[in-house]
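**Student:** Sequence:
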Amino acid sequence: MKHFLTLFFCFFVGILTAQTNVRAWYAQGQVWIIWNSSVPGPHTVSVYKKATAFTQTTQANLIGQPFQYEYFPGTYYQQTLDPTFTYRIPKPDGSTYQLLPGEGLFVETVMNTGAAFYAVVTTGQTTVTPGVNITANAVNFQYNPVSQPVNCHLQRAETLVSGHKTYWFSMWVLGRQDENAGRPDFPVLANAAKNGMPAMFIISQSLNLDTVGGNKVPMTHLFHGGGGTANQMMANRFPQFNLEPEQGISVSHNDDFPVNTITEEGDSVFTAGRSLWLGWTKRHNPFNFGFAAMPGDTIINYTQRRIMWINDWLIRHFPIDSNRVALMGYSMGSGGATVLAKTWPNKFSTACLFNAGFRGAEDPASIRIVGSMAQNLPTTLTGYQGQTIGMNEVFSVNVRCSANRDLPLMRTWVGKNDDNDRMHWGPDLAAQFRLADSLGQGIQIHWDERSHTYPVLNFHWIQGENPDEQTYRDDLSFQENFRSNQSYPGFFNHRLEPLNNDFGSGMIGINNGDGDNWGCWGGYHNWDLNTMVDEPGRWEVSAWLTADAVFANDISPNSALLTYMSIRKPQEFKPVAGTMLEWRVRDLANDQIIQAGQTTPDAAGVVTVPNIFVTRENFRKIRIQVYDPALVGTSELANPKFQIFPNPVSSNLQIRYHTERPESILFRVSRVDGSSESFSFEAHAGENQWELNTQQYPNGWYILSMRGNAGVRTQKLLIQH
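Numbering (the working numbering), first residue to last: 1 to 721.
If you are wondering where the hints come from, they were derived from the structure by calculation, not from laboratory data. Accuracy of the hints is not assured; some may be wrong.
Across the chosen pairs, the derived CB separations fall in these ranges [unchecked claim]: (1) S162 with M507: 37 to 43 Å; (2) P610 with E572: 22 to 28 Å; (3) P427 with P467: 52 to 58 Å; (4) S162 with N140: 43 to 49 Å; (5) P455 with A560: 34 to 40 Å; (6) Q720 with G633: 24 to 30 Å; (7) S162 with P498: 51 to 57 Å; (8) F619 with N481: 19 to 25 Å; (9) N466 with F619: 39 to 45 Å.
For glycine and all other residues, C-beta sits at the position ideal for the given N, C-alpha and C.
With the hints as extra help, turn the sequences into a complete structure.
**Tutor:** As C-alpha cells, this is what we get:
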C-alpha cells in the first residue's frame, strides 16, 4: 500500500490501534476536534456529530472525511521536512494548544449556537464507543460572526538565512453543497466532501518594513506552478524572479487541494494539487478513484474565494494598504493570478505573470477536478455582460470575468522554447497577445529564449541572478509601487510599430525564422506614478522610454516608439461617450507642445489618444494631457511646477514645487464647507519638496491652494485614512 506520510511516521514511538481519546472545544467560530490516531493513520477518518450521545455512526450526521494528509499536517511535513511538526490551534481561554505527535485534527465551522457530541472513526467503521472515540460530553458552541469570527492561525515562525522573517499560517475551510450558504464572516470555500479542509500560506516580511505611526505597506500574493509549493515562493527563493519585498510583505499561497484518492485495491494515491488556483466541480468526490467531472456539473471558484478571504483577513489584521495589493504567479500560478486579476480587477494594482497561464489546462489530475477542454464546463464566473464563463475561456487575458471594464496593469513573460504540456508557447497564445495589443488594455508582453523551467539562465531577460543580469520589471519590489485606485496609461498597438520586435506566429523554438527571439511590447514604457492628474475635467501623465537602468537589456534600443494610449481605471476623469476632448503632448522640460489633437470616448467610455511618440528619457520626457475644454481651460495645462502626491492620500502628503528664485509660499487647505487652514514654507531656487501630515483632517475632498510669485495655483485633494 502507498502511504505518502509513512516515511515521517517512523519517527513516532508506539503503535496505536484506533482513533481514541476524542475531545473537542469551541474557539473563534469553530469546533476543534482532536483524537489519538493509529500510526501510520488510516487513509481517511470520518467525523460524526449529533446533539445527543450515540453508539452507531448511522445515528449521527457525517460532517467531514479528512485524508491522512489533512488530519495530520502533511503540507508542513512536505515543506518543512520536519517529521515532528504538529498543528497549533486556539483554546477557549485565548491560549494556544500544540498537538502532540500522533494526534489528528478536524475543524468544523459552526453555523448555529448549540451543543453536540463528536465521534471519530476509521472510515468504514460504524461502532462508536463511549470513552474511546466520542467526546465524553456535549461540546457547547456559539454562532456569533461579529464578536467571534473565524480566523487564520499562526503555525510556524522562521527567519530565513537572508534575514527575512516568515510566518506560516493555516485556516480550515467551510464546505457546503450550497456555495452561497456561508457565514457573514466566512464564505463557503469547498464542497461538502471537503468540509474542514486545511489550507496554508506563508508571509515573508521586508527587511526594512516600516509601520511606524500607522504607516501601511504593500502586499503581493504569490502563486506557485503545478506540482509546486508555497515555500518555493518565499522571499529568498526563486532568485530568477527576485521575490524579495522591499516595502511590505509577500504572501505565498499553497494550492491545498491534494488529489489524494483511494484506489479499488484500497491504496492511497497522493499527487500534487490541480485546482488550477480556481476551484473544482460542485459534485467532486475525492473518495472515488474513478471519479471524473461530467457534463452538467459546474466549477465553483472555491480556491479563488479562499485567496480573497485570506486577502481581506490580512488587511483587517495587519497594516496593509488595501490599494497596494499585487499578484505574481508562475506557470499554473500565472493562470491563477490572471483569473484573480480579471475577477476582482479593482482589488489589485498589477499582475506579473511568468510562463503564461492564458489557456485551459488538461491532464489526468485536472480533468477529474475541472473537466476536460472538450467538456468546457461552466464556472461561477460571469463576464462583462453577465454571461457565464466556461473553463476554456476563464484564463484568456481577453475574456473579462467581471462587470468591470478595465483590468489591473498586466505584465507577462513567456519563452519561445517553452514546450510545457499546459503552458507552452503556441499559435493560440500568440493570437491572444495580438488581440490584447489591439484592444488597448495596456498589457506589457515580454518574450525571450527561455524554456518552462530555468536550469540555465542565459536568455535575454534573465542572464543570471544579480541585479545587473536581470530586468527590474519582474522584481516583486517593482510591483509594490502600483495602486489599485490609480489610473494608468494603457499603451498599445505596439505590433504596428515597425521598430518593435515581433514574436511571430507562435512556433516553438528560436532561430527558425519565425519572429524575433526576444522583445517586448510596451515593456520599455514608464510613467511617473506620483505626478499623475485624474480629475473630472482632465487627465495627465508624464511618460518616457527607459534609458537609465542597471540591466542593459532594460534600456530601450530605440530613441522613440510610436504608440496608442488608452486611459485605464480612471478614478475621476470619466467623460461620457461622444464628448469632444482635446489632447496635448508636451515636452516636460520646456512645456512646448509637440503633438495635439481631438478624441472622443468610445461606447464603453474608453478614452484613446492615437499615434503618440514616446521618447527615451535621456532625450525627452513627455507630458500627455487629455481634457474636456468645456470644464478646463488651456491656461490650466501649464507645466505642473506645483505637484502633490500621492492623491488620494492617507497620511503624509508630498508637495513638490520648482521656482527660479527663493520665495515665500503660502498654502491653504480648504474644505467644501468653507473652513480652511493656512501654513507657509520658504522655497529655495530649484526643486523644493515638503511634507504635510494630513491625519488631522477628516476623510473627504479638499482644495489645496498655493500662493507664490507666480500667483495662485490649486489642486483638488482627496484624503482617505
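**Student:** Against each hint, give a clear statement of whether it holds in the structure.
**Tutor:** Each hint, compared with the structure:
no. : hint                       : result
1   : S162 with M507: 37 to 43 Å : 40 Å, holds
2   : P610 with E572: 22 to 28 Å : 23 Å, holds
3   : P427 with P467: 52 to 58 Å : 35 Å, violated
4   : S162 with N140: 43 to 49 Å : 46 Å, holds
5   : P455 with A560: 34 to 40 Å : 38 Å, holds
6   : Q720 with G633: 24 to 30 Å : 29 Å, holds
7   : S162 with P498: 51 to 57 Å : 44 Å, violated
8   : F619 with N481: 19 to 25 Å : 24 Å, holds
9   : N466 with F619: 39 to 45 Å : 28 Å, violated
Against the hints set out earlier in the document, violations occur for numbers 3, 7 and 9.
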